[in-house]
Amino acid sequence: MNQGTNMSGDQQRGATAGTLPIEGLEAVYDRLAEAIDRAGPEKAELFLVKLALLNANALGDATRVAAHIDAALRDL
Amino acid sequence: MHTPSRTPRHSIYYDYQVHAPWLPSARSPEVAPAAQRAAVVIVGAGPVGLTTALELARYGVRSVLLESELQVSEGSRAIVFTRRSMEILQQVGVATRVSENGLPWRFGNSFFRGQRVYRMEGLHDPDDRFWPMINLQQQYLEEYLMAAALANPLIEVRWGNKLTAVRQTGGMAQIEVDTPEGPYRLDTHWLVAADGARSGIRAAMNLKLEGDSYEGRFVIADIRIDLPFPTERRAYFDPDWNPENTVLMHREPRGIWRIDYQLPANESAEDALRPASLKARIDAQLAMIGHGGTPWQMDWSSVYSARALTLAEYVHGRVMFVGDAAHLLPIFGVRGANTGFQDAQALAWRLALVVNGAAPATLLASYSSERVGAAREIIAEAGKSTRFMAPPSRGFRLLRDAVLSLSLSEPFVGPLYHWRTSRPHEYTQSPLNSAGDDNALFKQGPGHGAPPQNIRLGPDDFLLDHVGGRFDLLYFTRDAALPSALVREVSRARQRGVPLAVTAVTPPDGAARSVAGADQTLVDSDGHFAQRYGIEAGGGAYLLRPDQHICARWVTLDATRLRAALNAATQGTGKGSAEEAE
Numbered sequence: 022m023n024q025g026t027n028m029s030g031d032q033q034r035g036a037t038a039g040t041l042p043i044e045g046l047e048a049v050y051d052r053l054a055e056a057i058d059r060a061g062p063e064k065a066e067l068f069l070v071k072l073a074l075l076n077a078n079a080l081g082d083a084t085r086v087a088a089h090i091d092a093a094l095r096d097l
Numbered sequence: 010m011h012t013p014s015r016t017p018r019h020s021i022y023y024d025y026q027v028h029a030p031w032l033p034s035a036r037s038p039e040v041a042p043a044a045q046r047a048a049v050v051i052v053g054a055g056p057v058g059l060t061t062a063l064e065l066a067r068y069g070v071r072s073v074l075l076e077s078e079l080q081v082s083e084g085s086r087a088i089v090f091t092r093r094s095m096e097i098l099q100q101v102g103v104a105t106r107v108s109e110n111g112l113p114w115r116f117g118n119s120f121f122r123g124q125r126v127y128r129m130e131g132l133h134d135p136d137d138r139f140w141p142m143i144n145l146q147q148q149y150l151e152e153y154l155m156a157a158a159l160a161n162p163l164i165e166v167r168w169g170n171k172l173t174a175v176r177q178t179g180g181m182a183q184i185e186v187d188t189p190e191g192p193y194r195l196d197t198h199w200l201v202a203a204d205g206a207r208s209g210i211r212a213a214m215n216l217k218l219e220g221d222s223y224e225g226r227f228v229i230a231d232i233r234i235d236l237p238f239p240t241e242r243r244a245y246f247d248p249d250w251n252p253e254n255t256v257l258m259h260r261e262p263r264g265i266w267r268i269d270y271q272l273p274a275n276e277s278a279e280d281a282l283r284p285a286s287l288k289a290r291i292d293a294q295l296a297m298i299g300h301g302g303t304p305w306q307m308d309w310s311s312v313y314s315a316r317a318l319t320l321a322e323y324v325h326g327r328v329m330f331v332g333d334a335a336h337l338l339p340i341f342g343v344r345g346a347n348t349g350f351q352d353a354q355a356l357a358w359r360l361a362l363v364v365n366g367a368a369p370a371t372l373l374a375s376y377s378s379e380r381v382g383a384a385r386e387i388i389a390e391a392g393k394s395t396r397f398m399a400p401p402s403r404g405f406r407l408l409r410d411a412v413l414s415l416s417l418s419e420p421f422v423g424p425l426y427h428w429r430t431s432r433p434h435e436y437t438q439s440p441l442n443s444a445g446d447d448n449a450l451f452k453q454g455p456g457h458g459a460p461p462q463n464i465r466l467g468p469d470d471f472l473l474d475h476v477g478g479r480f481d482l483l484y485f486t487r488d489a490a491l492p493s494a495l496v497r498e499v500s501r502a503r504q505r506g507v508p509l510a511v512t513a514v515t516p517p518d519g520a521a522r523s524v525a526g527a528d529q530t531l532v533d534s535d536g537h538f539a540q541r542y543g544i545e546a547g548g549g550a551y552l553l554r555p556d557q558h559i560c561a562r563w564v565t566l567d568a569t570r571l572r573a574a575l576n577a578a579t580q581g582t583g584k585g586s587a588e589e590a591e
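Chains as they are written, first to last, in our numbering: chain A, 22 to 97; chain B, 10 to 591.
Just chain A, same shape as in the assembly (with noise of 0.2 Å):
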């Protein structure tokens, strides 16, 4: 019971907390779209890491990057 609740407050701290309005995240979303097909196939997984890296670095907290991990493995 304790241990479930405490797993959705992780999930979310990591994966929802800050608040992006939609405006923001939809332009993230077409951008973000956009330069994977940039990329191309070859480079978009390089891409990616590149820009996790970045963002895990913006963020300045290595357990809300890992709970991004986990949140973004989920549901494959």
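Heads up, a few of these hints could be off.
Some but not every residue of chain B turned toward chain A, in silico, with C-beta under 10 Å [to be verified]:
(1) L407
(2) D410
(3) A411
(4) L415
(5) F421
(6) V422
If you're looking for bench data, these hints aren't it; they were derived computationally from the structure.
The beta carbon of each residue, even a glycine, is placed where N, CA and C say it ideally should be.
With chain A held as given, fit chain B onto it using these hints.
Frame of chain A; chain B shown alone:
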């Protein structure tokens, strides 16, 4: 019949001397070869075996040193020695020769797409005598150590003697040794396995190494070439001529450069070492760094793989393992020989105390726990640099490539190139550390289990020139004499065979230039010795083990606590107390 080669090894810069084999018939006839017996036998006259023998001799312990070959190391092999290694080599008397002939350095550079993306600086403290790193080919180091061993009457070097079997019985190790005139048997109380990465003793005892072998394999090539680069480490990532792989370059003395390059995954070592293959790749590397067409000459080449393995225990009855025989460590970060010297030093003083009857054999267990702990720590650190240099999976490769790419414009990833060089292990949890001292009260200075901070006392005069090879008590005082209770405690310890010297450290305006009761007095001319050691008042003290690591320190020392610390450090049970020695 063991027939080691009598042909000098090939080298374009090193003049190999072939030594005469030691033959059992050379023994005086009244000593039958079958009855040969030695207190300590060391197998392997590489840098680690030689250092062990020289260290043992400092405590008056005789050893027989068996070497299967008749000459020193083939090729340059270990070429980078750390400051701590130099401090250990100073203890056995060869650091001056290494300094005179080696190339000191302290910068490491990482290059990607022609750009220097990271520069690492090794710290050079004014209190340090030695540079962070010094480059010298292993043949020279072995030559200097061997010269010291041959000059030492307590060390009997037996060239051309190969161990073929070992068994332990009745508190002895019995070994079979083959020579150019046939085999003989040698019995010993203690056998030190310094017989290298392919240790015959380890194999004979069926001991297994634990840990990881990585996919990455590297060619090492030594060439003579004139390149205008300073003595610094140069690492090239993902070069055009060897995509996805890594190339390292180091300057060596005598106009030699070491080039290491990673092999594509499916290429055999045999193919990689073909002259045409070596030439094409070295030429490509030289072209990439802007020196294509510069004439060069090959000296030596070899292939190695990155492994991070250790035995789980280094003491097995009467047999003790040191150096590569005990562990195989990735050479990125110069962890092989540099770890081995610390093994040799850590083992020798304990074994000497045991042989000399000043400590129980249980003290040797702490050699194993301290050094296996050090190896495991090194393996964890080495794993990080190995995963960066030779990524073991698709995920690690992607991350490494992302860092390379980012590093061209984003300096925050630079430290990921850091090479995590070998550093001395701090035996924080050692059972030899004193439980009842004031370690936790100090705000400065080396703590429990740490190697000492060197101190510059004057021109060409450093603290570590004056300590080692015995327990050293550093006693900080302004007084003219040591307290009489301490003097009595020191002589008690000496009477039970513990080698111990007292060094008084006194300010320039102290009561005496030579403090009575101390074996030597060092003047702390500007007070920075006391400051760096966190000493705020007279009566503070540090106890250094014979390998110079700190095992106790006190804000105010008294005789009872000195006795407890010496007991803890010589019994190795973690229970040393003043009462036990009563």
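Against the structure, the hints:
At about 5 Å, the closest approach between the beta carbon of L407 (chain B) and any beta carbon in chain A falls short of 10 Å, and the interface hint on this residue holds. Hint status for D410 (chain B): holds, given a least beta-carbon distance of 6 Å to chain A, under 10 Å. A cut of 10 Å between beta carbons decides the hint on A411 (chain B): the least distance to chain A is about 4 Å, and the hint holds. At a threshold of 10 Å, the smallest CB-CB gap from L415 (chain B) to chain A is about 5 Å, leaving the interface hint in force.
Annotation: F421 (chain B) was flagged as interfacial toward chain A, and the flag holds, the nearest CB pair being 5 Å apart, inside 10 Å. Because the beta carbon of V422 (chain B) sits about 7 Å from the nearest beta carbon in chain A, less than 10 Å, this interface hint is met.
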